[in-house]
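Chain by chain, the residues run as shown.
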Amino acid sequence: MNIFDKMMRLDRRWIFLFLIIVCVVTYIIPFKVPIHVVPEVRSIYDFIDTLEPGKIVLIAIDYDPNNLAELQPMTFAIVEHCWRRKIKIIFTALSQNGPGMAEQAIRDISDSMKVDKTYNGKFYKGREIKNGIDYTFLGYKPYYGLVILGMGQDFRLPFPTDYYGTPLDSIPMMKGVLNYDQTAGVIDISGGSITDAWINYGQGRFNFPLALGLTGVMTAQYYPYLGSGQIFGIMGGLLGAAEYEKLADNPGRAMGGMRIQLYAHMVIILFIVMGNVGFFMNKRKKKLREKGI
Amino acid sequence: MDLGTFLWTTFAVFLTMATFSFLYKDNPFYKFAEHLVVGVSAGYFVVILWFNGLIPNLFQRLADGDWYLLWLNSSKPWYIIPAILGIMMWARFSKKYAWLSRWPMALYIGISTGLAIPLTMSNQVNKQLYATMVKIDWAHFFGHGSFNLLDTTSGFSQLIIFVGTIASLIYFFFSKAHKGVFGAVAKFGIWTLMIGFGASFGFTVMARISLFINRMQDVKDWGKVAFNYSGNNQNYSVWFPIVFWLFILFVIAYIIYEIGYYLRSRTNKA
Chain A
16 MNIFDKMMRL
26 DRRWIFLFLI
36 IVCVVTYIIP
46 FKVPIHVVPE
56 VRSIYDFIDT
66 LEPGKIVLIA
76 IDYDPNNLAE
86 LQPMTFAIVE
96 HCWRRKIKII
106 FTALSQNGPG
116 MAEQAIRDIS
126 DSMKVDKTYN
136 GKFYKGREIK
146 NGIDYTFLGY
156 KPYYGLVILG
166 MGQDFRLPFP
176 TDYYGTPLDS
186 IPMMKGVLNY
196 DQTAGVIDIS
206 GGSITDAWIN
216 YGQGRFNFPL
226 ALGLTGVMTA
236 QYYPYLGSGQ
246 IFGIMGGLLG
256 AAEYEKLADN
266 PGRAMGGMRI
276 QLYAHMVIIL
286 FIVMGNVGFF
296 MNKRKKKLRE
306 KGI
Chain B
300 MDLGTFLWTT
310 FAVFLTMATF
320 SFLYKDNPFY
330 KFAEHLVVGV
340 SAGYFVVILW
350 FNGLIPNLFQ
360 RLADGDWYLL
370 WLNSSKPWYI
380 IPAILGIMMW
390 ARFSKKYAWL
400 SRWPMALYIG
410 ISTGLAIPLT
420 MSNQVNKQLY
430 ATMVKIDWAH
440 FFGHGSFNLL
450 DTTSGFSQLI
460 IFVGTIASLI
470 YFFFSKAHKG
480 VFGAVAKFGI
490 WTLMIGFGAS
500 FGFTVMARIS
510 LFINRMQDVK
520 DWGKVAFNYS
530 GNNQNYSVWF
540 PIVFWLFILF
550 VIAYIIYEIG
560 YYLRSRTNKA
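Quick mapping for you: the protein sequence lines, in order, are chains A and B. No gaps in the numbering here: position 285 of the first sequence is 300 in the numbering used here, and each next residue is one more. No gaps in the numbering here: position 128 of the second sequence is 427 in the numbering used here, and each next residue is one more.
I should point out that these hints are in silico values taken from the structure, not numbers from a laboratory. Heads up, some of the hints might be wrong.
Here are the simulated DSS-like cross-link-like pairs (lysine-lysine), alpha carbons at most 27 Å apart as the crow flies [said to hold, decoys possible]: (1) LYS47(A) to LYS145(A); (2) LYS129(A) to LYS568(B); (3) LYS140(A) to LYS21(A); (4) LYS129(A) to LYS486(B); (5) LYS302(A) to LYS394(B); (6) LYS568(B) to LYS298(A); (7) LYS21(A) to LYS568(B); (8) LYS486(B) to LYS47(A).
Pairwise CB distance ranges (calculated) [claimed, not checked]: (9) ASP264(A) to TYR343(B): 32 to 40 Å; (10) LYS523(B) to GLY244(A): 22 to 30 Å; (11) ASP264(A) to LYS478(B): 35 to 43 Å; (12) LYS523(B) to ASN135(A): 48 to 56 Å; (13) ILE379(B) to ILE50(A): 32 to 40 Å; (14) TRP349(B) to SER58(A): 36 to 44 Å; (15) ILE551(B) to MET281(A): 46 to 54 Å; (16) GLN533(B) to PRO266(A): 48 to 56 Å; (17) ILE551(B) to PRO68(A): 53 to 61 Å; (18) MET281(A) to PHE471(B): 54 to 62 Å; (19) LEU449(B) to MET281(A): 47 to 55 Å; (20) PRO417(B) to MET281(A): 27 to 35 Å; (21) ASN135(A) to TYR560(B): 54 to 62 Å.
From the three backbone atoms N, C-alpha and C, an ideal C-beta is built for every residue, glycine too.
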């Protein structure tokens, strides 16, 4: 076996080991990498940043624990941005294990909101986040397509009560809130096909402003909806979350992970180049052998 | 954080290690973690469905607060119809009465199809077609204001979308041989597709690395808690570092065992 054969047939476990070492080393050494904010993330930030206090945004937490790594930083950045600006939130969780994700996010961000903070030079006093005043968590209902359509008529159809069993009419924030018309827009943070339902049954049927926060795997697939104007913004994977954190001046796990991403991508590119060099050199060698050179 | 919570956090770190151990080879720890995830997810889903679906949307509407009479004195007695349809679904477990399940299934598929077809056509086909048929903005061909080829609303981007869409569709047109000008356009189509797949691959790599980063961040936080790094844990006890070191010893022992096993199997092969 020559060197080019070895380059092509490298045991994948060596790649994993090398990748782990690079990730751990770049994680241990603290340094910053520049983050370039793309217009599709900026438009989501601008949307939240220009809303008047007291307006309502619907944030759909449509992901399970397997997507937590990428999507929870997005949720943290957006929800904290909303609450710091006193924008009210209706949460839904139409993914099977979504309620747990939403509850965890609400609890942790509520804790963070108790602390005084300064973002982009503006001071925000810490405050208590109250269920029913600052947010309503509607929870989970099966058959997300029908739930999205139902909410377009009246939130009370699919959700007669919130996640904790309180009738929606008894919730102060929900008084006079019938359907999407009373919300400024919807931000769907999703790790699956629920996004299609938000586009088809939600935005397509009721024509509200829709933005998406997606896992990296899904992102490229949903860019055409940005071009067609069906969505006004898109955040792709951990990078999208890092861009939002940068705009909100609220560095979190996403920005912290970007330097690792950079070097991990370099390692993967290196191995792709190695594999290709091995492939083409082997091909050339084979041709030369056939010609008897 | 108290010791009980710390033990659960340690268990989460154990599951992380168990899952990543699959990168080396399949093993009982990985199997345990895999089965636990599937089992917990299923159990959690059933409970969520019961308390968030059946109880508020069916039982409470039927019972009107009176659980003994159920629908008999309900103000919404018609909710008994979906309840019966739901029960009919269970007839699939009987060979003799399996046909009963076709009724709710037919109703469900009929409603879903009726809702899906017009909305999907409108939103995923028509609107996407309109988006490729925009008038090319020649006045802002290289971007609005400054030279920016990444500007998605520039004439250049619009031209790329138009040509790329046509070329990609031509690649999938197999009724004519891909030769001459037609072949060249088809080749441009496959290049367009490859760039699209490349972008997806890049995003996928980012997604996978993100999972690893998240786990590293959690393991680091676990280590910080074990040694009371913040110094403000009032429930901190000597058991925290003991649990931490016991776990690390366990991991090291397993790695040594695996190395020994590998060396033994190599000797046996030789």
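For this session: With a cut-off of 27 Å on the C-alpha distance, tell me whether LYS302(A) and LYS394(B) pass.
Result: Not OK: LYS302(A) and LYS394(B) at ~63 Å, beyond 27 Å, violated.
Problem set entry | Range hint compliance [Cβ, ASP264(A) to TYR343(B), 32 to 40 Å] | The hinted range 32 to 40 Å holds for ASP264(A) and TYR343(B), with Cβ atoms some 36 Å apart.
For this session: For the range 47 to 55 Å, tell me whether the beta carbons of LEU449(B) and MET281(A) fit it or not.
Result: About 22 Å separates the Cβ atoms of LEU449(B) and MET281(A), which means 47 to 55 Å is violated.
For this session: Starting from the hint 48 to 56 Å, judge whether the C-beta atoms of GLN533(B) and PRO266(A) obey it.
Result: At roughly 28 Å between Cβ atoms, PRO266(A) and GLN533(B) fall outside 48 to 56 Å, so the hint is violated.
Problem set entry | Outcome for the supplied range 32 to 40 Å, where the beta carbon pair is ILE379(B) and ILE50(A) | violated (57 Å)
For this session: Return holds or violated for the Cβ distance of LYS523(B) and ASN135(A) against the range 48 to 56 Å.
Result: Violated, since LYS523(B) and ASN135(A) (Cβ atoms, about 29 Å apart) do not stay within the stated range.
For this session: For the pair supplied as a hint, LYS140(A) and LYS21(A), confirm whether the alpha-carbon distance does not exceed 27 Å.
Result: Distance ~60 Å between LYS140(A) and LYS21(A) Cα, so the pair is violated.
For this session: Take the C-alpha atoms of LYS129(A) and LYS568(B), compute the straight-line distance between them, and say whether it is at most 27 Å.
Result: violated (63 Å)
Exercise. Holds or violated: LYS21(A) with LYS568(B), Cα cutoff 27 Å?
Worked result: Holds: LYS21(A) and LYS568(B) sit about 22 Å apart, inside 27 Å.
Exercise. Is the Cα-Cα distance between LYS486(B) and LYS47(A) 27 Å or less?
Worked result: violated (41 Å)
Exercise. Do MET281(A) and PHE471(B) keep their Cβ atoms within the hinted range of 54 to 62 Å?
Worked result: Between MET281(A) and PHE471(B), where Cβ atoms are some 35 Å apart, the hint is violated.
Exercise. Taking the beta carbons of ILE551(B) and MET281(A), is their distance inside 46 to 54 Å?
Worked result: For ILE551(B) and MET281(A) the Cβ distance comes to about 30 Å; the hint is violated.
When each numbered hint is compared with the structure, violations occur for hints 1, 2, 3, 4, 5, 6, 8, 10, 11, 12, 13, 15, 16, 18, 19 and 20.
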